[in-house]
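Per this note's numbering, the very first residue in the sequence shown carries number 1067; after that it's consecutive.
Derived from the structure by calculation, the hints contain no laboratory data.
One or more of the hints may lead you astray.
[Claimed, not checked] Straight-line alpha carbon distances no greater than 20 Å define the calculated SDA-like cross-link-like pairs of lysine to any residue that follow:
1. K1477 - K1400
2. K1437 - H1423
3. K1166 - A1194
4. K1250 - N1541
5. K1185 - M1247
6. K1450 - P1460
7. K1379 - A1332
8. K1359 - T1378
9. K1359 - T1104
10. K1325 - K1245
11. K1136 - R1124
12. K1251 - A1194
13. K1177 - A1194
14. K1166 - N1134
15. K1091 - D1277
16. K1315 - L1302
17. K1450 - G1495
18. K1325 - E1384
19. K1245 - A1208
20. K1325 - A1076
21. K1250 - D1267
22. K1136 - S1122
23. K1185 - S1168
24. K1400 - L1302
25. K1317 - Y1393
26. K1463 - Y1476
27. K1315 - A1076
28. K1314 - G1299
29. K1306 - L1392
30. K1315 - L1392
31. K1185 - P1170
32. K1282 - E1512
33. K1314 - E1512
34. K1121 - S1082
35. K1400 - S1303
36. K1185 - K1216
37. K1477 - P1460
38. K1295 - I1253
39. K1251 - A1076
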Amino acid sequence: MYAVEFTFEAVADPYSLSWEEEPPKGTNFFASRLRTTTHFYALSPQKNQSVITLKSLRNGETQSITWNGKLFAWSFYGESVWLLESNTLTAVDPISFAIKQSLPFPISIKKWSDIVIEKDRLYLLSDAKVLALSLPNFQQIAEYEIPQGKAQRMLRGPNGNLYIISTFWGAILRELDPKTMEWKKSISAKTHHHDLMKATDIADGLLPIFDLENKKSFSLYLFGDQFLKVSNGLSLSKSKEMLRISPKKTKLSAVLNIKAKQNVSAQTIRILLPPKQTYSQEIIEESLLYPGKIEEDEDGNRVLFITMPALTKDQVWEKEIWTADLYRYQVRFKPSYSFPISEISFPSHLNEYIKDHPTYDLNHEQVLAKKIELFDNDFVIYLKNVYAYAVGMPYAKGKFDPAPLVIQKYKGGCTEHSYVQIALLRAAGIPARLVWNFLPWNGATEFELNHKFVEVWFPNYGWIPLEPLAPPRKNPGDTDARHLVWARLATPYHPLIHGGDRLVSPESAKAQKQMQTNVRFRLVEAENEEGEPISNFRNGVKEDSEDRRVE
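Let the sequences and hints guide you as you build the complete structure.
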């Protein structure tokens, strides 16, 4: 159950088509969508006939077919397009529309109503209910009341389930399992709810949207309990458990500033650099602008060693030493399985991430009592319990309190939120570590160490974030923060940095007292996934408030 390296691949959108031609006159922009494996279909009702436009998903070519009769619903199943008129259900060839079969339909249809045909059943959306009818005799098998009023759309989804859409719910799809007659989860969509009126059946995790009014089409990708827009930068890990979304390109420039408090000799300075790659950040190019050496440990933490010149008292030495282009991502994590905590295993070098420390105090009665209260031998359940506990803890400016005191007070800053999660996870034998990082704030022009969160080891996937103070604050492994990570640590302190929470220090603690060292990571430029400049960041960290938002 060891880690699988995170390798991300872009999610392709096969339904991203351009539309040069005008839609047929009378086309309904908010209904009447159909998609087969090869074509998209649009319907333009006329007085006593229907004009159907077919657009190839392979080459974009279009053709029109006139159907003599008014259509009220259609569905694709079994290599046939099924057309429902007021009292007839007809199966036709998907391209030529040659008739294969016609069946009398016993229910009088007066307006457009979505249908889904699946094996020996036909599902009919009828305002505030879904009817299940047998095929081919159309006997009613079941009736499902739709929660919170009527709906306008019904789509075929994974595993034979139905997805119901209503403008009254906003951008939400409700999942119905007709086999068990149960309403399942509600799934949010990161798009305007009008777009859902233009959707077609879900296939391979994609919800295609055909927007004839604006002459475009695109897809939403189903991941966990959300549909996310497929765009440049949306990428899926090789294991399909983690998704990167909404990338931002960032240019950084590191400037080292040293002021001598007394005469000092030439000596080595240590500067923390961001890891080259994590689940949420990736350096694509970097340059050393001053002679030095970068060392990297087996966990990806990096330190730059450079030699400063000798300085006289009050002398200031400043150099631009490093620059890099990197991408930062929002991430979503969706584990496909769980296991008993008692069976957890991990590489031996991770043993340092289950060790005790005075800050965590794993055997303290407060920590043990809280662990027992939250404990479940199911790994994922316990992880969710610990995360929910931290999410619920009120934010207050912290004093670097140890975990037992944090549990007693049940409040604290990002440091306290981190300490208590680490303590509760390690007390159960689960590797967890502290992450030093930058959380963007309004108008930021420099990046600094201003935030901490926790990473937990998830067997077979590696490290995932537990960020309780930035959206969406729902599931372990999800974060919209786009942190800039500096270091991942077994203890609250970096072994090579003197003076506490700092990004730079001399080699010795003695030298630390002889000079004032500072490194500024300047934000040179940032772009979103479309390459547009980002002028500033929305409010990120409010140290005196529970209201913490990210870019």
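20 Å limit on alpha-carbon distance, applied to hinted pair K1121 and S1082 | holds, 12 Å
Agreement of K1136 and R1124 with the hint, judged by alpha carbon distance not exceeding 20 Å | Not satisfied, since the Cα-Cα distance of roughly 29 Å exceeds 20 Å.
Do the alpha carbons of K1185 and S1168 lie within 20 Å of each other, as the hint requires?
-> Answer holds: K1185 to S1168 is near 17 Å, not above 20 Å.
Would the pair K1450 and P1460 pass a check requiring their Cα atoms to be no farther apart than 20 Å?
-> Holds. K1450 to P1460 sits at ~18 Å (cutoff 20 Å).
Taken at face value, is the distance from the CA of A1194 to the CA of K1166 at most 20 Å?
-> violated, 32 Å
Under the criterion that the straight-line Cα-Cα distance not exceed 20 Å, is the pair K1477, P1460 satisfied?
-> Given that 20 Å is the threshold and the Cα spacing comes to 5 Å, the pair holds.
Are the Cα atoms of K1450 and G1495 separated by 20 Å or less?
-> The hint holds at about 16 Å.
Could you grab the alpha-carbon distance between K1091 and D1277 and see if it respects the 20 Å cut-off?
-> Holds, at roughly 15 Å.
Restraint check for K1317 with Y1393, where alpha carbons must lie at most 20 Å apart = Distance of about 9 Å is within 20 Å: holds.
Given the hinted pair K1185 and K1216, is their alpha-carbon gap at most 20 Å?
-> Between K1185 and K1216 the Cα gap is close to 26 Å, so the pair fails against 20 Å, i.e. violated.
Is the Cα-Cα distance between K1250 and N1541 20 Å or less?
-> Holds. K1250 to N1541 sits at ~18 Å (cutoff 20 Å).
Restraint check for K1251 with A1076, where alpha carbons must lie at most 20 Å apart | Not satisfied, since the Cα-Cα distance of roughly 27 Å exceeds 20 Å.
Going through the hint list in order, the structure does not satisfy hints 1, 3, 8, 9, 10, 11, 20, 22, 29, 32, 36, 39.
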